[in-house]
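Undergrad: Listed below, chain by chain, are the residues.
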Amino acid sequence: MSHRLRTWTYYGVLWLVSLLFFSPVAWIILSSFKTRNDILATPPKLVFTPTLDNYIDLFTRNTSFLLQLGNSILLSVSAVVIAVFVSFLAAFCFSRFKPKGTDFLMFLLLSIRMLPGPAVILPVFLMYVAFGWKDNHLALILFYAMFSIPFSVWILKGFLDGVSTRFDETGRVNGGSWFHVIFKVVLPQVKPGLIAAFIFNLIFVWNEFLFNFIIGGVTTQNIPYALAVGAYSDGGLNWTFISALTSIYIVPPVLFIYFFQKYLLVGMTFGTVRGEV
Amino acid sequence: MAAIEFDRVSKSFGQARVLDTFSLSVEEGSLTVLCGPPKSGKSVLFRLVVGLETPDGGTIRLSGRDITHEPASARNIGYVPQSFALYPHLTVFDNIGYPMRLAGAPREEIARRVDRTAAMLSIGHLLRKTPDKLSGGEKQRVAVARGLMKDASVFLFDDPLVGLDYKLRERLMDELKQLCETLKATFFYATSDSLEALTMAQTLVVVDDGRLVERAGTLKLYAEPGQVRSLELIGFPKANVIEGICRNGRIEAAGLSLPAPAGLADGPVKVGIRPEHVRLGRREGVGADARVAIVEHLGSEIVVYLDLNGHPVTAAYAAGHAAPPEIDSAVKIDIDPARAMIFDPNSGALIGRCAAGGV
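In order, the protein sequences belong to chains A and B. The first sequence runs 1134 to 1410 under this note's numbering. The second sequence runs 57 to 415 under this note's numbering.
Bear in mind the hints are in silico, worked out from the structure with no lab data behind them. Take these hints with a grain of salt, some might be off.
[What the hints assert, rightly or not] Dumping the calculated BS3-like pairs for lysine-lysine here, alpha-carbon to alpha-carbon at most 30 Å:
| id | chain 1 | residue 1 | chain 2 | residue 2 |
| --- | --- | --- | --- | --- |
| 1 | B | Lys185 | A | Lys1324 |
| 2 | A | Lys1233 | B | Lys95 |
| 3 | B | Lys240 | B | Lys223 |
Can you make the complete structure from the sequences, with help from the hints?
TA: Take a look at the structure:
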């Protein structure tokens, strides 16, 4: 009996902690279905009449929402696709040809991610202004791709090292070109690594605010930008706007993380912990 | 014309010299077996031929064409690597058909050839599976099948049967031999198993430590090895080589006394004798005293490991003739002088056989 009690207590505490962590998310999602008065009511209203007005507002009255959503998708997907493609080729070279100083080069590659963003924002800003690249989609995509490459190379190199060079050799001996070896022989075998790199960086770019705000502009604004800029748009904190926008904003990452959890772990460990992937 | 020709080929990896001015020619249409202990440079030789390594010096020719620096993809050689390297993302069918698909062969032809080759290797029922569902032996046969798919005149097999069970190995050896005849192609085959080498080879090439020891017809090489290393490396159980000394026309070696070949100068020699030519206690009171260390029953054959005055000596004879000796018992051994081979201790070259005569 005491054993069952322990198990129940154990699960009870776990659920409690999990719910505690989930409560801000739950609050924002619930708020998105409340009127402004309901959101700000004290004591907080748990029973309320749900309304879709906030969402309708967002899609019909807010002129820049669709632009921001589109930008978020365009910027993150295209930057990460470019980054994963470039990283795959770079990681292939590191893994197969082992240029002199590979370890140091790999370290150097990662060093760009060792600085906090604000530390590099000024030189990057000056450069973008000088080149006339400010508020330009392509320029921002390239920046995000550049920022996504280091982790992707690390993740993919871990995977490529796990693919025996005997496979490459079989391809070459049977008349395959390097192109064939890289894309037809090796690439299919590191699909989990490609997915891991893709997801990992997609979440990063999706959540990126600082660079979008500084080197982007009105035409390239994404959802984090909208959240920061739109929060105070009508005098006080615009809670209905924040809650509705946030609720939409978290859907893609939540779905991705839910369906690709195992790849995310691979990404965080640079492909060294592969588990069942 | 030689199908494959190595002309003073050298190859080092860092400090380790794997091949040292290696020269060899492999005849067109022959089944040539390269036999040597592990790490003797067999795989490196093969990798040089298919183009996965580049030699540090020397020339490699394929049917007279210098291919030393030609890219691997241009060489058109059928190759079964030591590791199977089957693509995990392709089915067995696609793995076997891979070389043909890469060469742009039409779909029906690929299917026909794959089916035929798979049937020959008894893997027809596996074609739809992926390699991770196969046993080691099945993977090996798939790799052999893939190696045979190419429309090439030269095929290299780098120890393809290692680790397969005995029955399957025997069958595959026969199949490969037949295939070599039907295809009229050159088969160059590496193994570290001397029985496999003897079974397969028309021409046997013995390598050791990156050097060519000897190249000869299989029967000749077994009966009359020109080098003491060939004697040691080819044949099972391993041949006995005993250090001896020649004095006044007689050779003394570990208590055995043999007549020296005519004209042999006094000095140290190596005496080589195959286990099947060591006679065990046949003649009462004649021969050297030895002690039985281990007795192995191999079914048709009995192998007796002996201690002859501190020298290990192996004797083998057909089972059923005489009861095997007890372990630790004392026996008399003697050897037929006509079967004993005398080698130069420095160069390892064969000097001759002991003359017929008594012990």
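Undergrad: For each hint, tell me whether it holds in the structure or not.
TA: Verification of the supplied hints:
no. : hint                    : verdict
1   : B:Lys185 with A:Lys1324 : holds, 20 Å
2   : A:Lys1233 with B:Lys95  : holds, 28 Å
3   : B:Lys240 with B:Lys223  : holds, 26 Å
Checked against the numbered hints above, the structure breaks none of them.
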